[in-house]
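Engineer: Sequence:
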Amino acid sequence: MNLIEQIYNVNDAVNNKAIDKKGFLVSLNYKNYEFLYRSLKNKNNSVYIDNQNEVSFVIKLNKIVDIKEILYYKKSIDVKMDLEGPVIELIVDGLSSYEFLFNLNDRFGVIALKSFLTNKQVNVHFVVETAGILQKFYSSLMPIDDKVIERVEYVLKCLNEYCYPKIEEDVLQKESVIFEVESDYEILNDLINIIEALQKWNSKDIFSIVVDKDDKFKIHFVGEFKNKNYFKTQLEKNYSIKEYNGFSKGKKFLKYDRGMIYFYI
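Our numbering applies: residue 28 is where the sequence shown begins, and numbers increase by one.
Don't read these hints as lab results, they were simulated from the structure.
Treat the hints with care, since some could be wrong.
Computed list of lysine-lysine pairs in DSSO-like fashion (alpha-carbon distance at most 30 Å, straight line) [said to hold, decoys possible]:
1) Lys-58 / Lys-48
2) Lys-48 / Lys-101
3) Lys-193 / Lys-243
4) Lys-227 / Lys-253
5) Lys-231 / Lys-193
Put together the whole structure using the sequences plus the hints.
Structural biologist: Encoded structure:
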């Protein structure tokens with residue numbers, strides 16, 4: 028059973044009390060919310076899973092912010108990878124960005140991740156601490172789209188296999204941009220380094236690489252190759268390149284898909 032299957036098959040429950048989603052300045056007493064007090068002692072955010080099987084992102088601010096302002100803040104989500112599990116970065120314009128780790132080495136983290144993946148939504152609670160008491164002053168429900176779920180599952184595949192996942196796909200005899208290079212297979216390491224740079228930017232390119240060594244070494248790029256000029260500039264630091272269009276042939280190498288990297292089988 029792989030890591031993703033293990034998470035979806037978790038049946039554990041927790042006793043953490045749910046946070047009131049409607050009230051304003053709701054006191055969260057230590058007895059019922061001990062987990063939150065411990066989690067927020069030395070940091071300003073926490074993943075919280077409650078006894079209703081709902082996962083929440085709890086953000087602790089230094090002061091109460093005008094509710095009207097928060098309503099108009101733009102929120103966006105990014106997915107990152109940590110050795111301990113997937114990380115969801117919640118970016119709230121006007122406030123800050125907050126990283127929420129689903130720790131796979133922790134029972135609560137695994138249960139929370141299953142809820143996140145299956146319910147495809149997360150509660151976002153803003154709290155302040157007054158005289159040692161946590162008070163929730165605003166809540167919102169954030170739906171999670173399929174692209175985020177896909178990226179979380181991609182991270183789990185990487186952690187499960189300790190490498191980039193492998194895929195099968197037909198990308199031969201497709202229209203392609205071709206770089207003809209005075210090189211050999213050692214250029215593949217340079218290709219990976221450039222692609223990992225695109226990954227750090229979370230570039231939206233979607234392309235596959237096919238390599239062909241006949242009389243000269245050819246790199247075929249199949250798909251949406253939006254950062255072609257950057258790619259070419261980086262390679263030209265070490266190689267002489269001739270560019271033209273054609274149809275892909277040779278050996279399938281890897282695929283880059285909006286920040287996700289796969290190697291072909």
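Engineer: A separate judgement is required for each hint: does it hold in the structure or not?
Structural biologist: Status of each hint after checking the structure:
With a C-alpha separation of about 19 Å, the suggested pair Lys-58 and Lys-48 falls inside the 30 Å cut-off, and the hint holds. A C-alpha spacing of about 20 Å is found between Lys-48 and Lys-101, which places the hinted pair at or below 30 Å, so the restraint holds. Taken as a hint, the Lys-193 and Lys-243 pair is honoured in the structure, with Cα atoms around 27 Å apart against an allowance of 30 Å. As the CA atoms of Lys-227 and Lys-253 are separated by approximately 16 Å, the hinted pair is consistent with the 30 Å bound.
With a C-alpha separation of about 20 Å, the suggested pairing of Lys-231 with Lys-193 holds against the 30 Å cut-off.
Of the hints listed earlier, there is not a single one the structure fails to meet.
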